[in-house]
Amino acid sequence: MAVTRNADAVAPVRRSSPLAIWFARHMGVAIGSLGRLVRHPLSSLMIVLVIAVTLALPAAVNLVVKNARSISGSWDNALDFSIFLKQETGEEAAAGLARLIEQRADVESVSFISATRALADFKELSGFGAALDRLPDNPLPHTLVVRPSAGNTSASLILLQEELGNLPETEYVQVDTEWVQRFHAILDIVRQAIAIGAALLGIAIVVIIGNTIRLDIENRRDEIEVTKLIGASNAFVRRPFLWTGFWYGLAGGLLALGLVYYGLFLLQGPVARLAGLYQANIAIASMSLEEAAAIIGVGVFLGLFGSWFTAARHMRRIEPR
Amino acid sequence: MIHLENVTKRFPGGQEALSGLSLSVDKGEMVFVTGHSGAGKSTLLRLIALIERPTNGHVVVDGQNTSRVKRRRIPAYRRQIGMVFQDHKLLYDRPVFDNVALPLVIAGVGHREAGRKVRAALDQVGLLHKEKQRPETLSAGEQQRVGIARAIVSRPKLLIADEPTGNLDPELSLEVMRIFRRFNEVGVTLLIASHDIALIDRLGCRRIALEDGRLQQVPEEEVDPWL
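Line by line, the protein sequences give chains S and A.
The end of the first sequence is residue 400 by this note's numbering, with every number in the run present.
The end of the second sequence is residue 230 by this note's numbering, with every number in the run present.
Among the clues, some could well be false.
[What the hints assert, rightly or not] No more than 20 Å apart at the CA atoms, straight line, and that leaves these computed lysine to any residue pairs for SDA-like: (1) A:K92 - A:V63; (2) A:K160 - A:R181; (3) A:K73 - S:S312; (4) A:K73 - S:A391; (5) S:K165 - S:I192; (6) A:K120 - S:S96; (7) A:K92 - S:V305; (8) A:K92 - A:K135; (9) A:K133 - A:F100; (10) A:K120 - S:K165; (11) A:K73 - S:L308; (12) A:K92 - S:D301; (13) A:K73 - A:V63; (14) A:K73 - S:R300; (15) A:K92 - S:I397; (16) A:K92 - S:M394; (17) A:K73 - S:K202; (18) A:K73 - S:I397; (19) A:K160 - A:T69; (20) A:K92 - S:A391; (21) A:K92 - S:K202; (22) A:K92 - S:P218; (23) A:K160 - S:L308; (24) A:K73 - S:A229; (25) S:K202 - S:P218.
[What the hints assert, rightly or not] Selected chain S positions facing chain A (Cβ under 10 Å, derived; list incomplete): (26) D216; (27) K307; (28) L308; (29) N313.
I should point out that these hints are in silico values taken from the structure, not numbers from a laboratory.
All figures in this text were calculated on a predicted structure; none of them were measured in a lab.
Glycine is no exception: its CB is placed at the ideal position from the N, C-alpha and C atoms.
Given only the sequences and the hints, what does the whole structure look like? Please build it.
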């Protein structure tokens, strides 16, 4: 080694820094691998498409769940309580109670439905008009429909429900949250299912990329042998295949993003129409920047992992004969 | 430079390619290995290149005992040796320049320096004007010269060649040998397997004759360089 250094001192050669050389080498290999893929556009595109669809599927379902959650979440806070008052409560007292409850900070509005009006509505809507006329007196209580204000959390809603239930005039407080809770439970199951499905699809991507890289390695077997014969390390011959996997993953991730965004674009019209019908302000929640980055990141990771896994195994096996 | 001590190579079938072979090649020597096919010439070179390991005995190259070179260190070991093959072993998907540059790319030599060295190597084999051509457009002799340029581009101290003139006519063979001779004159040690005894005798180099994996006693007059 000392001899070489001496020789260099006599005839200095301008050398780039090792890091710059390393970087330049990697860039060269990266561009070379990309060029190889571009030269076979059809087969490359097929693989990229398979990866993209596999990535887009769980991403899209996840987006659906996310939207369902945010819509049902807004219902959650706008749940009305129905307070059925005790029979002996007079109409004046009931109306006064309504005004009292309305002044609470966690209540947005209270509408008072008197027993008389409730009976009239019921007669009209149920079709039991004649039968109800025969009743000696009105069996229905006065009802207060309480709409909590939007700032409530689920904990403060439970508290509000308790407090309203403890009022002396209250017979019974009815909150229709059960179906919302069931709906959330279903969404949770769907989320779990997506996680499991996504893991399986991830394995599928690793297998697809691994198989593609394996064929690539078989095709370039002679080249690998010759290169090893000249003194290339396993890392050196593996490098182009790792880059191939990286490009597949990156392209697959980007195309998956494109597919999801295109799907959102297609849904925009119908959703706007639906929102118009309900006179509601429904907009589809799109992917956050983190989610978009995660799709690309997962694509790249799976691409690298698939190619590394395959290349590491095969490179050791291919030795010069 | 090369020292074999009682080397035996037995293949899984039980067949012995080399049996207790001992030989030495000094630094700066140009030595030919001759013998019929199956005599063990190729096996000898493969042991030196660490493509195979001996069943018994030691192979010492430039002071390194090859049996102590770990699997992971084999690539670095091979980079110290230039190798020329009968079938050239060029990569046909890239031009001559890239083929010759391959050892430098593997060694991580910078772009500019590599370019300079590749041109110097191509100049030495007289193919500087063909650097952009693809190997398949070249004649067999030219392809072999590209192979030689690749073997010497990183200036190894030792060059081994397995039947480098096996596919060439006498005139081209002589030219390849002249190129080898020039390297030898600047201090490169060469070990060349060949069966072209007439050609070897014209060059007047030492000859190691193998027969059934052993040294064959060469009659004294046959190694006379003046003949």
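Structure-based check of each hint:
no., hint, verdict
1, A:K92 - A:V63, "violated (26 Å)"
2, A:K160 - A:R181, "holds (18 Å)"
3, A:K73 - S:S312, "holds (13 Å)"
4, A:K73 - S:A391, "holds (18 Å)"
5, S:K165 - S:I192, "holds (14 Å)"
6, A:K120 - S:S96, "holds (19 Å)"
7, A:K92 - S:V305, "holds (6 Å)"
8, A:K92 - A:K135, "holds (18 Å)"
9, A:K133 - A:F100, "holds (8 Å)"
10, A:K120 - S:K165, "violated (102 Å)"
11, A:K73 - S:L308, "holds (16 Å)"
12, A:K92 - S:D301, "holds (9 Å)"
13, A:K73 - A:V63, "holds (14 Å)"
14, A:K73 - S:R300, "violated (23 Å)"
15, A:K92 - S:I397, "holds (16 Å)"
16, A:K92 - S:M394, "holds (19 Å)"
17, A:K73 - S:K202, "violated (95 Å)"
18, A:K73 - S:I397, "holds (17 Å)"
19, A:K160 - A:T69, "holds (16 Å)"
20, A:K92 - S:A391, "violated (24 Å)"
21, A:K92 - S:K202, "violated (98 Å)"
22, A:K92 - S:P218, "violated (101 Å)"
23, A:K160 - S:L308, "holds (17 Å)"
24, A:K73 - S:A229, "violated (72 Å)"
25, S:K202 - S:P218, "holds (12 Å)"
26, D216, "violated (97 Å)"
27, K307, "holds (7 Å)"
28, L308, "holds (7 Å)"
29, N313, "holds (8 Å)"
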